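**Student:** Residue numbers (the numbering used here), protein chains in the order written: chain A, 1 to 131; chain B, 1001 to 1492; chain C, 2001 to 2455.
Hints are not guaranteed to be accurate.
Claimed, not checked - Below 27 Å or equal to it, Euclidean Cα-Cα: the simulated DSS-like pairs (lysine-lysine) are:
| # | chain 1 | residue 1 | chain 2 | residue 2 |
| --- | --- | --- | --- | --- |
| 1 | C | Lys2322 | A | Lys32 |
| 2 | C | Lys2322 | B | Lys1165 |
| 3 | B | Lys1025 | C | Lys2322 |
| 4 | B | Lys1476 | A | Lys32 |
| 5 | A | Lys125 | A | Lys78 |
| 6 | A | Lys78 | C | Lys2152 |
Stated by the list, open to error - Incomplete in silico selection of chain A near chain C, CB under 10 Å:
| # | residue |
| --- | --- |
| 7 | Val42 |
| 8 | Ala67 |
| 9 | Val68 |
| 10 | Ser70 |
| 11 | Lys125 |
| 12 | Glu130 |
Treat the hints as calculated values from the structure; they're not laboratory data.
It should be emphasised that the depicted structure is a prediction, and the values quoted were computed from it without experimental measurement.
Where is the CB? At the ideal position from N, CA and C, for every residue including glycine.
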Amino acid sequence: MNPEELFYCETHEWVSITDEGGSKTATVGISKFAVDQLTDLVFMELPEPGTEVAAGDEFGEVESVKAVSSLYAPVAGKILEVNHDLPDKLETLSEDPYGAGWIIRLEVSDDSALENLLDYQAYQKQCAEED
Amino acid sequence: MRNRLATQPLFDLSKPGRRGARLPKCDVPVQELEQLLPAWTQATEPPSLPEVTEPEVIRHFTNLSTLNMSVDTHFYPLGSCTMKYNPKRNERLAGTHGIVDLHPYQPEDTIQGMLQLLYELQEMLAEISGLPAVSLQPAAGAHGELTALMVAGAHFRESGEIRTKVLAPDSSHGTNPASARMAGFESVMIKSSDAGFVDMDDLRSKLDEQVAVFMITNPNTLGIFDRQVSEISDLVHKFGGLIYLDGANMNAILGVTRPGDFGADMMHFNPHKTFSGPHGGGGPGAGPICVNEALGAYLPVPVVVEEDGRFRLEYERPRSIGRVRSFFGNVGVLVRAYCYILSHGPDGLRRVAENAVLNANYLLSRVRHILPVPHGQRCMHEFVATASDLKKKAGVTAMDLGKRLLDYGFHAPTVYFPLTVPECLMIEPTETESKETLDAFAETLFRITEEPADLLHETPHSTYTSRPDEVTAARKPQLKWSPTSDSDKTNH
Amino acid sequence: MPYIYNTPQDQQDMLEAIGVSSIEDLFDQIPAEVRLARPLDLAPAHSEMELSQHLAGLAAQNLHTANSVCFLGGGSYDHFVPAVVDAIASRGEFYTSYTPYQPEVSQGNLQVMFEYQTLICQLTGMDVSNASLYDGGNAAAEAVLMAMSATKRTGKVVVPASVHPEYRQILETYLTSLNTELVTVPAEDGATALAALEAAVDEDTACVLVQHPNFFGAVEQTEDIAHIAHQKGALLVVAFDPISLGLLKRPGDCGADIAVAEGQSLGTPMQYGGPYLGIMACREKFVRRLPGRIGGETVDRRGRRCWVLTLQTREQHIRREKATSNICTNQGLFALRAAIYLATLGPQGLRETAELCVQKANYARQQITQLDRFADAFSRPAFKEFVVRDRNNQVGPMLRDAAEQGILAGIPLQKWYPHLSDCFLVTVTEQRTKQQIEALANCLANAQQPTAIHA
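The following block holds chain A by itself, in its conformation from the complex (with noise of 0.2 Å):
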């Protein structure tokens, strides 16, 4: 996935919907920036799928040796797809985070949570400030 194309949460998430006959499918990921941040990865905890989130909800958590970081859905769904190969590769999720590092897909059941993320170019900004 193209990360220009996508949108972020404050919290580091990226997301993409894609629409095919009304139905809306969201592949939720976290940055770049974020893996970055949190330096080398060591455990990932992931949700059932069938779980129904609400946007903001916490989802699953990555953790490096001394942080722990929560992941927050984008968007209101069920949990469609686990990625479980992550948490035995970690490393996909800095060599390949919008891609072969996504980490669920959502049937999305509402998504008027996306008017509060962020574009690309706003997303750059609030890293430029944490950084």
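Chain A is already provided as a structure; the job is to place chains B and C on it using the hints.
**Tutor:** Below, chains B and C without anything else, positioned relative to chain A:
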């Protein structure tokens, strides 16, 4: 030199048939085991413990001990931990017959001396804290926090108030929010101001009638005394909430000011810090709590009471939260605290605070010229310096500085805490160090900041073990020895 | 002051360097209105000699193991402590160091942690152990909280009445704050009533906590209890006696998901109740929910094997309110003592200690219950403790009489079990001799008769 043979894991030293202890012959008539314990309860083989001799045990552990830095051997300015000298007399006295070998369920008539000691300690802590009701039961500072929050919970339940929140500053110890959660509260963080104090506007905006307790560390984790403390407590009290004082930093204020006098309703002591109970390589501690008169009724059972010169354990306290620890608590640590307080007396305790604060300020006056200390010219018993500029300029981190200090024979300060100061080093010299040691430490720190970054990233150099790979340790946790461990690794 | 270096001249020099004129000035950050305007009201300073004499005076008022014979147990035991334990644990490099935050200069403590964890796994048959908790009671409470988080069930916890009453009291305190129900299942003939247990465990139950051998000293049918718990998706927490594992089947082989213990038996003196050692071990899949410190093996930059604190993201200093527990200090010094003790005893020594306990306890049980006045309260097999019923129902005065003769004969059970007001718990460790046991029986045989009947 490291004795590599003796410091192999115990399990690599094991050899079938060796043993370190012989037990006496059974002097009562021996019965068939099967008659005493049914076969289904018994293991089919003895536990798979290592088999080593007594001299091996001694050489192994003695050699391991030499791989530690300790207060007995090194300056240990680990901020927030009050690594002061641990008096040897306390060790001896706590280990004497009649103190160390009492069973916790002995009849009260047979332990009057112990009960008197504990009673007097309750009184001493009440006087030092300015809070009259004391429980010696909690096993550590964090356990004291939890116990006090449960006391607060019971108090509010009884008065029919539903209070769900516990507030704590962002600079607080992690135990504060963790204890709040365990006690069934929601934890809410209060911002610190630029000066390092509680941000009063943030506090006001988060105060309401759902707030049960505000937990404050004062002097705080930046080593400064929050002058607003009376105002804070008035404000919290106005909303019906209680003030909890995290007593981790009591060393700074012994005999100078008392939490009960600056508005605290509850607090814990860390006797292993303030009253020199040794830290034991990570414990034991103890966490006695002191609370105001009204909250005394909710303290855990039992407490020691005196009647006509006799001492007894009181269990009949219907409003008590119950019990938080088996038996009476970490008595061995409490005995040492009692000895420490008696060794000092009122003037001596005040001298402790004075010299702890003097040493910290002296060291601050020297370190300030080496590393910025963002929160002020003056500190209490500790201060927090930052390597932020150094990191930007030369890529040298607080961790690098800490690790390099090890090479020069100093234990590192606490690094990366509090979370509110980036690249921080929290330095607490304590009162039991000399000006010469503080000078040497400051000079060494200065020298280190002049050293090339590349060298610092690779420190320590002089220790047998260099920086461990913590990432692998966390990714593929190896938490016990296994026969397949590569025992050759030590021979590199 | 004995521990302060600063001379008046030092103080003067330091004040000058700071730029203030007196120590008092350093305290002006503290508002005057909250300053203490008087000296603390405490006893005056004692010299080491005075302090030693004072403590000797207090100690002299107590009965202790050197001037009496101890048959008390109930979670704190008069087991033998080999001299090597004190010799090593009294090294300043161990007891005056702290949590190994700087692994390069704490390899001693870290390796001990790792060896302790390994020894506990070997002893219990569990997959992983932490580096210790406060005591047995808190380890049990923490295990229950851990089970609640692992099963995501917060409704209910089931505990038989044969579990140490103080452990149950601690649990009650903890669970009250969390609005979780603590269901106590009755004991039957001194052990868990299985049918009642089965009826109490349901789909809301986070775990069953059982003690084996239990508070009454009796063996529990742990494997059946595991089955009952697991059938409903609840976990089994087993509180065990470390010494008993010289003989008894390991918790890991009995279906335990989490095993906890009071580790005082392993080389720590009784010290009137603490500090002790909370042991906790669990199955691999729960490792990230374990509370407390954990040491792990890794390599350093030169490729040498070394040890570090690991999985720290579970802990309060990182995860704050989301931590697995609020615990910070553990009981490092007592984990060290336990490691030395277990290494010294080894498999044979632990087995022989356990055998001595079971032989001597059963001898004492027979000696006492053959007296007309006394009976076995329960019929179950016992390990090192057993409950005796006094047919005269005079437990209090009888135990007082015995104490006056220097025999701490047992623990009255009335305080925790009102229906057992005529019963007391007798404990016999490997240290008790045949002579002492016979003296106990003799003393009980001649104990004060109830005046109401024999007046």
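**Student:** Now tell me, hint by hint, if it's right for this structure.
**Tutor:** Verification of the supplied hints:
A threshold of 27 Å between alpha carbons decides the hint, and for Lys2322 of chain C with Lys32 of chain A the separation of about 25 Å falls inside it, so the pair holds. The suggested pairing of Lys2322 of chain C with Lys1165 of chain B holds, with an alpha-carbon distance near 15 Å, which does not exceed 27 Å. Taking the CA atoms of Lys1025 of chain B and Lys2322 of chain C, the gap is near 53 Å; set against the 27 Å cutoff, the hint is violated. Proximity of Lys1476 of chain B to Lys32 of chain A is assessed by CA-CA distance (about 24 Å); at most 27 Å being required, the pair is judged to hold.
Between Lys125 of chain A and Lys78 of chain A, the direct Cα distance comes to roughly 31 Å. Violation of the 27 Å bound is thereby established for this hinted pair. Of the pairs offered as hints, the one joining Lys78 of chain A and Lys2152 of chain C holds, with about 20 Å between alpha carbons and a cut-off of 27 Å not exceeded. A distance limit of 10 Å between C-beta atoms decides the matter here; for Val42 of chain A the minimum to chain C is near 8 Å, and the interface restraint holds. Given the 10 Å rule on beta carbons, the hint for Ala67 of chain A holds: about 7 Å separates it from the nearest Cβ of chain C.
Checking Val68 of chain A against chain C by beta carbon gives a least distance of about 5 Å; that is within 10 Å, so the hint holds. Evaluation of the Ser70 of chain A hint against chain C yields a held restraint, the C-beta minimum of about 8 Å falling below 10 Å. The beta carbon of Lys125 of chain A is not positioned within 10 Å of any beta carbon in chain C (closest approach about 29 Å), and the interface hint is therefore violated. A distance limit of 10 Å between C-beta atoms decides the matter here; for Glu130 of chain A the minimum to chain C is near 19 Å, and the interface restraint is violated.
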